[in-house]
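Student: Residues 1 to 708 in full-length UniProt numbering are what the sequence shown spells out, letter by letter.
In short, the hints are calculated from the structure, not lab data.
Given the structure is predicted, the values throughout are model-derived calculations rather than measurements.
The reader is advised that the hints may include incorrect statements.
[Stated by the list, open to error] Ranges of calculated distance between the beta carbons of each label pair, as one might list FRET restraints:
#, residue 1, residue 2, range
1, Pro-423, Asn-398, 19 to 29 Å
2, Glu-439, Pro-319, 18 to 28 Å
3, Thr-387, Ala-309, 13 to 23 Å
4, Asp-234, Asn-74, 29 to 39 Å
5, Lys-367, Leu-435, 20 to 30 Å
6, Gly-380, Pro-558, 41 to 51 Å
7, Val-470, Pro-319, 20 to 30 Å
8, Gly-516, Ser-617, 40 to 50 Å
9, Ala-309, Thr-257, 12 to 22 Å
10, Gln-412, Ala-253, 30 to 40 Å
11, Asn-398, Gln-481, 33 to 43 Å
[Unchecked claim] Restricting the straight-line Cα-Cα distance to at most 25 Å, the calculated cross-link-like pairs of lysine-lysine (DSS-like) are:
#, residue 1, residue 2
12, Lys-79, Lys-34
13, Lys-603, Lys-480
14, Lys-624, Lys-613
15, Lys-350, Lys-287
16, Lys-660, Lys-613
17, Lys-678, Lys-646
18, Lys-240, Lys-320
19, Lys-79, Lys-48
20, Lys-28, Lys-53
21, Lys-591, Lys-678
22, Lys-166, Lys-217
23, Lys-677, Lys-585
24, Lys-645, Lys-678
25, Lys-360, Lys-437
26, Lys-613, Lys-603
27, Lys-678, Lys-585
28, Lys-677, Lys-646
29, Lys-585, Lys-618
30, Lys-613, Lys-646
31, Lys-437, Lys-350
32, Lys-591, Lys-480
33, Lys-591, Lys-660
Beta carbons are placed, not taken as given, at the ideal position from N, Cα and C, and that holds for glycine.
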Amino acid sequence: LFLFFFFPQVLLLACAEDLECVPGFQQKVFYIEKPFKFTEDQLVLNLKFDDCKGNNKLNFEVSNPDFRVELDGNLVALKNVSEVGRALFVHARSEHAEDMAEIFILEANEKHGALKEILKLEGNLGIPRQKRAILATPILIPENQRPPFPRLVGKVIRSEGTEGVKFRLSGKGVDQDPKGIFRINEMNGDVSVTRTLDREAIANYELEVEVVDMNGKTMDGPVRLDISVIDQNDNRPMFKEGPYVGHVMEGSATGTTVMRMAAFDADDASTDNALLRYNILRQTPTKPSPNMFYIDPEKGDIVTVVSPALLDRETMESPKYELVIEAKDMGGMDVGLTGTATATILIDDKNDHAPEFTKKEFQATVKEGVTGVIVNLTVGDRDDPATGAWRAAYSIINGNPGQSFEIHTNPQTNEGMLSVVKPLDYEISAFHTLLIKVENEDPLIPDIAYGPSSTATVQITVEDVNEGPVFHPNPMAVTKQENIPVGSVVLTVNATDPDTLQHQTIRYSVYKDPAGWLEINPTNGTVGTTAVLDRESPFVHNNVYTALFLAIDSGNPPATGTGTLHITLEDVNDNVPSLYPTLAKVCDDAKDLRVVVLGASDKDLHPNTDPFKFELSKQSGPEKLWRINRLNNTHAQVILLQNLKKANYNIPISVTDSGKPPLTNTTELRLQVCTCKKSKMDCSATDALHISLTLILLSLLSLFCKSF
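Put together the whole structure using the sequences plus the hints.
Tutor: Pasting the structure below:
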């Protein structure tokens, strides 16, 4: 082991031998280079202590229990030790003197530093240069130590001795949760750990140590005791952010970044235990190259390493690659722990292939008068079927001036479905030629264009069918007066056969005649009446009567056409007016002698309805009992001229419309004169007291006739 001194002339760091004996260590500060590890029984250095009186009962204590100082002053390691911290402290005591020596352990690159850097190092260790009563040097403990426990890990030294006093340790890990991890020997200051430590749970413990007398009174301190847990490589790298899926466009340049893989290691990030390196273990599939991708060992970036020509989606065995990625700690060394994850890389399609028809000409046959899909046009496209680079868009670029055809894309098959949307007529054109173009939904890449194979011709043959005759016009309309004589001619219908290339005859028949009023000549189509046309019939709606007729050609099988006839019926005065109401009641002591308001209605139309004329039939007897007053064109009021006795009275009233000639209807108004008491009307006895003016007149007429 290399032992060296800095600036021998600096007496603070190294002391020359002195002729005069000075009690204590002859050299108090040492700097040594840290080896890879201290081996068991290895001599670290020799310490010279002299109390100038023979060193009687000389005893040494070392701050790290893995070292000891023998009686001859040799500092040796008790076992193989790799971590000791940045300093060791040796306390020497004899009957006549005691002293402290400090041994600073430096990394190899620190040994050539300037003196001020070394002094700075000492300051950074937090070790004041003045004399201390309690020396509590930092303790380093590896995690994952195995039993037995408790295990000695350090020592606290009191420069003034330990007689009559005891050490007390406190803080998180002692008397605070998690409790009981560390303890101190009250008498000699030995610090022990009682269980296995986990750096990933707690990496550092900040404790306090003090010296108290036997009564618990603090004599020295408290001072801080730092315990650091030394990391062991006990955590594998983990990929936590999966699934990992990356995309790269086909034809991408070599070196294109696809995605980044990042693993996590719970070990100390400042050590190689968490220094990760990445590697591709396996690629599936292995074609066209087993090394399609490369991963940056430090950053985890996956990039393409093949030429753009090999990165062709359409020629690949599969557009999906799976890479098994390994992350290894310890900087990728063989002793490192590993973790793996799968990276899925999808080769995205770009529209580098134009769609092409499977043939240049398609044939279709359709019957005239029929609509719907007549042919499916097939195309091929090597691009990804799940993208707009594959989906086809069709258009008719020639041969469709009447817009009789449309074409749409079948989303499942990508075929073009050509349809007839307006019925075709064989007699007008028996053949049609369409020019169809196909494109993609997405535009082609700049260096690709649509070629001749992206257009195709469709030859359509129209088949002749026996079409039904057509009425002209349809519907047909005529106006007639109601009540025209039976056998009157309404009109003559006209139907023609659209099959002009065939010579066929047409016969007519009645299809629907709701009221049974009409007939048709089967040869010439003359429509006549078989009954009186009645405008007031329930079969007439809004003065219009509707009937349907058939025209049947002589084809095999025969074809039929339907014609509609609307007959508007003009009104004539053929309905007498009616009167309402026909019953009225009045109290025998009524003060208001206005008995009832009468109304008239007529089924005919104006001017064969109102204004109506209301009249009373001639009254007999010495006195007139009532009169009628016209209120308006449709209503009149019956008024009693005096109170009448309780009885029933029938009053004949005639009402006449305004038609030419006018029609009159006479209706009897039944008038009941009742007894009224306390707002109750009693008409029950009126039948017994019935007096009918009509019967009186008939009786008088009978007697008059007998006298002759």
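Student: The structure should be examined with respect to each hint, and the outcome stated for every one.
Tutor: Hint check:
1. Under the hint 19 to 29 Å, the C-beta atoms of Pro-423 and Asn-398, about 21 Å apart, fit the expected range.
2. For Glu-439 and Pro-319, the hinted distance range of 18 to 28 Å is satisfied, since their beta carbons lie about 23 Å from each other.
3. For the pair Thr-387 and Ala-309, the supplied restraint of 13 to 23 Å holds, since their beta-carbon distance comes to about 21 Å.
4. The hint said 29 to 39 Å for the Cβ distance between Asp-234 and Asn-74, and at roughly 36 Å that hint holds.
5. At roughly 23 Å, the beta carbons of Lys-367 and Leu-435 sit within the given window of 20 to 30 Å.
6. In this structure the hint that Gly-380 and Pro-558 lie 41 to 51 Å apart at CB holds, the actual value being about 48 Å.
7. The supplied range of 20 to 30 Å is broken by Val-470 and Pro-319, whose beta-carbon atoms lie about 60 Å from each other.
8. A hinted range of 40 to 50 Å holds for the C-beta pair Gly-516 and Ser-617, which are about 41 Å apart.
9. Restraint check, Ala-309 to Thr-257: a C-beta distance of roughly 19 Å satisfies the suggested window 12 to 22 Å.
10. For the pair Gln-412 and Ala-253, the supplied restraint of 30 to 40 Å holds, since their beta-carbon distance comes to about 36 Å.
11. Asn-398 and Gln-481 have their C-beta atoms about 59 Å apart, which leaves the hinted 33 to 43 Å range violated.
12. For the given pair, Lys-79 sits about 16 Å from Lys-34 by alpha-carbon distance, which is consistent with the 25 Å threshold.
13. A threshold of 25 Å between alpha carbons decides the hint, and for Lys-603 with Lys-480 the separation of about 18 Å falls inside it, so the pair holds.
14. Taken as a hint, the Lys-624 and Lys-613 pair is honoured in the structure, with Cα atoms around 21 Å apart against an allowance of 25 Å.
15. Proposed proximity of Lys-350 and Lys-287 is supported: the alpha carbons are some 20 Å apart, at most 25 Å.
16. This hinted pair checks out: Lys-660 and Lys-613 have alpha carbons roughly 14 Å apart, not beyond 25 Å.
17. Restraint check for Lys-678 and Lys-646: satisfied, since their Cα atoms lie roughly 17 Å apart, inside the 25 Å limit.
18. Restraint check: the Cα-Cα separation between Lys-240 and Lys-320 comes to about 22 Å, which is no more than 25 Å; the hinted pair holds.
19. Our distance criterion of 25 Å between C-alpha atoms is met by Lys-79 and Lys-48, whose separation comes to about 23 Å.
20. The hinted pair formed by Lys-28 and Lys-53 meets the criterion: a straight-line CA distance of about 19 Å does not exceed 25 Å.
21. Straight-line distance between C-alpha atoms of Lys-591 and Lys-678 comes to about 15 Å, which keeps the hinted pair within the 25 Å bound.
22. For a cut-off of 25 Å, the pair hint linking Lys-166 to Lys-217 stands: about 10 Å separates their Cα positions.
23. For a cut-off of 25 Å, the pair hint linking Lys-677 to Lys-585 stands: about 14 Å separates their Cα positions.
24. A threshold of 25 Å between alpha carbons decides the hint, and for Lys-645 with Lys-678 the separation of about 18 Å falls inside it, so the pair holds.
25. The hinted pair formed by Lys-360 and Lys-437 meets the criterion: a straight-line CA distance of about 11 Å does not exceed 25 Å.
26. Proximity of Lys-613 to Lys-603 is assessed by CA-CA distance (about 16 Å); at most 25 Å being required, the pair is judged to hold.
27. The hinted pair formed by Lys-678 and Lys-585 meets the criterion: a straight-line CA distance of about 16 Å does not exceed 25 Å.
28. As the CA atoms of Lys-677 and Lys-646 are separated by approximately 13 Å, the hinted pair is consistent with the 25 Å bound.
29. With a CA separation close to 22 Å, the supplied pair Lys-585 and Lys-618 stays within the 25 Å bound.
30. Restraint check: the Cα-Cα separation between Lys-613 and Lys-646 comes to about 30 Å, which exceeds 25 Å; the hinted pair is violated.
31. Annotation: proposed proximity of Lys-437 to Lys-350 holds, straight-line Cα distance about 21 Å (limit 25 Å).
32. For the hint pairing Lys-591 with Lys-480, the CA-to-CA distance comes to about 55 Å; that exceeds 25 Å, so the pair is violated.
33. For the proposed pair Lys-591 and Lys-660, the alpha carbon gap of about 42 Å is over 25 Å, so the pair is violated.
In terms of the numbered hints stated before, the structure departs from hints 7, 11, 30, 32 and 33, listed from lowest to highest.
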